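Engineer: Sequences listed follow chains A and B, in order.
Residues in the first sequence are numbered consecutively from 1, following our numbering.
Residues in the second sequence are numbered consecutively from 1, following our numbering.
Read the hints as simulated data drawn from the structure, not as lab findings.
From a predicted model like this one, the values you see are computed outputs, not experimental measurements.
Some hints could be false.
Which chain A residues face chain B? A few, computed with CB under 10 angstroms, are given here [as the list claims (entries may be wrong)]:
| id | residue |
| --- | --- |
| 1 | Asp138 |
| 2 | Pro199 |
| 3 | Glu201 |
| 4 | Leu202 |
| 5 | Lys204 |
| 6 | Ala205 |
| 7 | Arg207 |
| 8 | Gly212 |
Far from chain A, by Cβ distances over 12 angstroms, these chain B residues were calculated [claimed, not checked]:
| id | residue |
| --- | --- |
| 9 | Val80 |
| 10 | His219 |
| 11 | Glu245 |
| 12 | Gly275 |
| 13 | Gln338 |
We treat Cβ as the ideally placed atom computed from N, Cα and C, and that holds for glycine.
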Amino acid sequence: MADVITRDTAAAAMTAGRMEGPRGAKPKRSISPRNVFIYGTLLLVSIYYLLPLYVMIVTSLKGMPEIRLGNIFAPPVEITFEPWVKAWATACTGLNCDGLSRGFWNSVQITVPSVILSIAIASVNGYALANWRFKGADVFFTILIFGAFIPYQVMLYPIVILLRELGIYGTLWGLILVHTIFGMPILTLLFRNYFTTVPEELFKAARVDGAGFWGIYFKIMLPMSLPIFVVAMIIQITGIWNDFLFGVVYTKPDVYPMTVQLNNIVNSVQGVKEYNVNMAATIITGLVPLFIYFVSGKLFVRGIAAGAVKG
Amino acid sequence: MTSVSIRDLTLKFGSLEVLKSLNLDIDEGEFLVLLGPSGCGKSTLLNCIAGLLDISDGQIFIGGNNVTWSEPSERGIGMVFQSYALYPQMSVEGNLAFGLKNARMPKDEIEKRIARAAEVLQIEPLLKRKPAQLSGGQRQRVAIGRALVRDVDVFLFDEPLSNLDAKLRAELRVEIKRLHHRLKNTMIYVTHDQIEALTLADRIAIMRNGIIQQLDTPHEIYNRPVNLYVAGFMGSPGMNFIEGELSHHSEAALNFSSTKVPLGRYPFASDDRPGKAIFGIRPEHVSCGAAASDEPFSIDVEIEVVEPMGADTLVWAVLDGREFRFRVDGQSELRAGQTTRIGFDPAKASIFDAQTELRL
Chain A
1 MADVITRDTA AAAMTAGRME GPRGAKPKRS ISPRNVFIYG TLLLVSIYYL LPLYVMIVTS
61 LKGMPEIRLG NIFAPPVEIT FEPWVKAWAT ACTGLNCDGL SRGFWNSVQI TVPSVILSIA
121 IASVNGYALA NWRFKGADVF FTILIFGAFI PYQVMLYPIV ILLRELGIYG TLWGLILVHT
181 IFGMPILTLL FRNYFTTVPE ELFKAARVDG AGFWGIYFKI MLPMSLPIFV VAMIIQITGI
241 WNDFLFGVVY TKPDVYPMTV QLNNIVNSVQ GVKEYNVNMA ATIITGLVPL FIYFVSGKLF
301 VRGIAAGAVK G
Chain B
1 MTSVSIRDLT LKFGSLEVLK SLNLDIDEGE FLVLLGPSGC GKSTLLNCIA GLLDISDGQI
61 FIGGNNVTWS EPSERGIGMV FQSYALYPQM SVEGNLAFGL KNARMPKDEI EKRIARAAEV
121 LQIEPLLKRK PAQLSGGQRQ RVAIGRALVR DVDVFLFDEP LSNLDAKLRA ELRVEIKRLH
181 HRLKNTMIYV THDQIEALTL ADRIAIMRNG IIQQLDTPHE IYNRPVNLYV AGFMGSPGMN
241 FIEGELSHHS EAALNFSSTK VPLGRYPFAS DDRPGKAIFG IRPEHVSCGA AASDEPFSID
301 VEIEVVEPMG ADTLVWAVLD GREFRFRVDG QSELRAGQTT RIGFDPAKAS IFDAQTELRL
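Let the sequences and hints guide you as you build the complete structure.
Structural biologist: Structure follows, in structure tokens:
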């Protein structure tokens, strides 16, 4: 009864207009110390990262006389695409004078098979480790993870000998093999962690339904794991495309990847330093990973989150 | 005829024995429920029957064949999981067809079977949908359908209703029972819910620590539990237990504190009786008020707490210094602090050896 009475008086107070004061959604101030701090920081950091890119783009569009004036932040007075064409087609690297184009195609020929091979093998590895608890699985996994912590430099020379004995030293396939193997630890870990988050009952149901090792992999696991494949692809494409060390050690000038050629263009000592060409060449080299990030950014974040939850 | 037969099944994980030399025979068309608390090995046993776990020792026969080393798909079983385990990227139809396609069944036969299963389970309008677009109950029906289309001898259910809310669980429970009446397949059903076990089962196997404690009809298990564990596990609220001294002078009786419960009407299994015993009586076998005096034994108790539950009311009382629960009609006027007379028939009780905890 007492409850009813208080409710009635409250209603009466409201109709009498005595219930004034805040009501509804709380208003938000657009300029508050908190907002100023957050947006200020973001702006500052963005400028810090974007300024070099701006300088590169601007410089690559200038002619050499304009660059010699020294105003590196000034926009080009006269826009020229000459440096871009030169960087792509005629810049000299050692003996060859066909620009980055040769290196670009080399890099494509290295990256595509390495990415496909490493992901194909690592995903099956991860699937086997996560779902088919075979004998020695833990030992195998430990060894593989251990491999991820050994610095590459330690293994450089032994691998030179290995490739030489296999007869593929200095060839594209030699480098592809190296990239595939070095991608294994981190990719296997990535896939294993992802596949352990797939409910075990799904795997059991598929077994009761008569699907075997490959049947479950292709028909159940693969269609469920697009995000993690995208993540693996991004990691591998950017990693292999940007690789310099393996490229310079395990290949010969004819099959140098783009990064090695870029280095040779930028660091060539004969004649004048053509900053505009160097800038253009660097941007061209960086375009592929940049493109990959833009296209798949959303999937990347989703896949990382999905793989990170359980491990 | 026996449908599933398990001989000396042992399963070890390292040095841990999860199942200990377990024997179990299940008749053709029988509905067997494996019941027990979590960690008792009931799901493990089901996985062994399904072939999803490799056993350490023993044999498993299904439909007369030794399937001990067979793949799950070769055993003639269908399985329904707690999480439904539907393939998320396939439509309902795809889910139902997956097992049949793996068995390389001709297309028209697959269609025929899916149509039949969909009709039995009333999921025809859902066939084109993805599992994510289904409700919990619909998903569970599809999961049952996946076992149904494969036309297997034995259905295995692994806590199929645990993920559903109480109302839906009650509905699907009846539906599973109806399905069993209609299909007449052998069904093995794992649950930790005793209501599910009592309502569905032809026979219940109560498990604890990898050992079957009692395998019998729900009626026998409820009324004549073989040991203290089964007696305490079945029934909610649980049985009242009173420890006392057995005396056998002129008439058998149980003595504790100043109370003497005459056991003349209790059907002892043998004449070999120890001194110390535990007397158990279910709360629902206790009568109260005027009816109490008609029972062979009656006593005054003091009421501590009254818990009205709608249809009936649970009363927590003190019987000669011991906690004692009994169930009365929901319209009862009993209040905390009152003293009331209760009575029961010792013939309905269970008496266990205090040492071995076995039924006397």
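Engineer: Indicate, hint by hint, whether the structure satisfies it.
Structural biologist: Hint-by-hint comparison with the structure:
1. For aspartate 138 of chain A, the suggested interface contact is broken, since its CB lies about 13 angstroms from the closest CB of chain B, more than 10 angstroms.
2. Of the supplied interface hints, the one on proline 199 of chain A holds, with its beta-carbon coming within about 6 angstroms of a beta-carbon of chain B, less than 10 angstroms.
3. Interface hint status for glutamate 201 of chain A: upheld, as the beta-carbon distance to the closest one in chain B is roughly 4 angstroms, under 10 angstroms.
4. Nearest Cβ of chain B to the Cβ of leucine 202 of chain A: about 5 angstroms, under the 10 angstroms cut. The hint holds.
5. For lysine 204 of chain A, the interface hint holds, since its Cβ comes within 10 angstroms of a Cβ in chain B; the closest pair sits about 5 angstroms apart.
6. Of the supplied interface hints, the one on alanine 205 of chain A holds, with its beta-carbon coming within about 4 angstroms of a beta-carbon of chain B, less than 10 angstroms.
7. The interface hint given for arginine 207 of chain A holds, since its Cβ lies 5 angstroms from the closest Cβ of chain B, which is under the 10 angstroms cut-off.
8. Because the beta carbon of glycine 212 of chain A sits about 8 angstroms from the nearest beta carbon in chain B, less than 10 angstroms, this interface hint is met.
9. Remark: the non-interface label on valine 80 of chain B conflicts with the geometry, its nearest Cβ contact in chain A lying 9 angstroms away (cut-off 12 angstroms).
10. Even its closest Cβ contact with chain A, about 33 angstroms, leaves histidine 219 of chain B beyond 12 angstroms, as expected for a residue assigned away from the interface.
11. The Cβ of glutamate 245 of chain B lies farther than 12 angstroms from every Cβ of chain A, with a closest approach of about 52 angstroms, so its non-interface assignment holds.
12. In this structure glycine 275 of chain B is separated from chain A by more than 12 angstroms, as the shortest Cβ-Cβ distance comes to about 51 angstroms.
13. Distance to chain A confirms glutamine 338 of chain B as a non-interface residue, since its nearest Cβ pair spans about 28 angstroms, more than 12 angstroms.
Checked against the numbered hints above, the structure breaks hints 1, 9 and satisfies the rest.
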